[in-house]
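Peer 1: Below are the chains, spelled out letter by letter.
2 protein chains.
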Amino acid sequence: MSQKRTVFFVSDRTGITAETLGHSLLTQFAVELELVTLPFIDNAERAHLALRQIEEANRASGEKSLVFSTVIDGEVRSILRSADAVIFDFFETFIAPLEQELKMPSSHMVGRSHGMVDNTMYNVRIDAMNYALNHDDGVTTHHYSQADVILLGVSRTGKTPACIYLALQYGIFAANYPLTEEDLLHMGLPKSLEPHRHKLYGLTIRPDRLESIRSERRPNSRYASLRQCQYEIARAETLFRREKIPYSNTTSMSIEEIATTILHERKLKRRLY
Amino acid sequence: MSQKRTVFFVSDRTGITAETLGHSLLTQFAVELELVTLPFIDNAERAHLALRQIEEANRASGEKSLVFSTVIDGEVRSILRSADAVIFDFFETFIAPLEQELKMPSSHMVGRSHGMVDNTMYNVRIDAMNYALNHDDGVTTHHYSQADVILLGVSRTGKTPACIYLALQYGIFAANYPLTEEDLLHMGLPKSLEPHRHKLYGLTIRPDRLESIRSERRPNSRYASLRQCQYEIARAETLFRREKIPYSNTTSMSIEEIATTILHERKLKRRLY
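Protein sequence lines correspond, in order, to chains A and B.
Quick note, the first sequence lines up with residues 19 to 291 if you use our numbering.
Quick note, the second sequence lines up with residues 19 to 291 if you use our numbering.
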């Protein structure tokens, strides 16, 4: 009876929407919970298996499980509803008022959200991601004319993950250029970036956090030393200010926040919604 | 008056939860809408700006806007509620029943969901993503012992985006190995993969879809020809079956679906929830 209370994320497809929904609610509570995702629950048989898992968890913890469901199919939902659990039924809650407001029935089609809606959308994401991978860390500085945005910063300020997230989530073509020691000494905008000034966005970070990130990769190196981190960041920030490049401090930001901030501040036009 | 009806995704942080929520609901309706995200609405002043945008959209379309809000702050929410719009208030809908069930008040803290919860989580995602980038397309085949899963398939079956998504969303260390013509001729498992059989997962795709994807990159090449695609896929699938490697056909799957399917089928233990 000592097991933690269980939360189930139940979905007819990937479970990502249910997890996002549930996660953002549960982070509001200081309680330890066991998290279980049950994806691809798209027929009665699987619904009954899910039901059994929920009931086992109830017994193990002695408490009603919490169930966040984004299932659309009526039969599956009614099977899930028979569980002795607290059910947050996403579609039931929101679909009816939406149908009323839009004055049309919903299609009740499964998996539109994280399913492949069309090949064009898939291609945009893949193209954007390939662009980010091929223009990572200044590997190739041509094709910058194709970029929607070019991230600038010293090593390990979050440029690569931000570029990839911008590609995946928004279909944005993001390149990144790591400021080298030479760039920092010379203190001018690197030549290859001159024609693309209006696309630049800088990333910076607190020196002690940078020290800790770099130390994981190359402990006790000059590269990871606090002194070196302080020097590089001070120079980079001076460069940003002098060249009037907008920038953010990523120290306490998640990858999503960095990407969304860039999108927002640079007023980028997303290719995906 | 001819503008489409507008949907607003309003958030005190990135807007990703609001978009996910709204998107999965709206895909159920065959209606064209104008989509606008208003992130970082975290004080009264910004709430009033949002309110003004909503009211302008109402006037432009002649219809009440739809507003999906994940805002937590009470003051901001009450300002938004004064809009003449259809408001889907995510927290209001779900937080109260959760508080009741968990017998505790919610923290009402902003941005826990896609904010940086702690550095450990950030590091896991970055490490997993770096792992994916460094073990992409068979670049380095050592360190496979660190991999949670190794994706196998011919060129352009979705291996790279799947690896990156597994890293970002689940903190999974995913490597990928592209089956070369030599591997396909020889028809045995590549030597470097032998010790890691239990980690392998195959990806395949319909030949005509592969032809179209490859043609975008290298039109009119042998590489992109339907004949070559058919040959490679037939051999790869035979290899998967002969070597008893589980595999999925990615033809009509989104990146999320590919990643989630691998997670589920390979019963991988995620490092992030």
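Heads up, some of the hints might be wrong.
Copies of the same chain look alike in the list, so a pair counts if it works inside one copy or between any two.
What the hints assert, rightly or not - In the PhoX-like style, the derived pairs of lysine-lysine whose C-alpha atoms are separated by at most 20 Å in a straight line are: (1) K285 with K262; (2) K22 with K82; (3) K121 with K82; (4) K209 with K121; (5) K22 with K217; (6) K285 with K82.
By construction, these hints were calculated from the structure, which means they are not laboratory data.
All of these numbers come straight from a predicted model, not from anything done at the bench.
Peer 1: Could you work out which of the previously given hints the structure breaks and list their numbers from low to high?
Peer 2: 4, 5, 6
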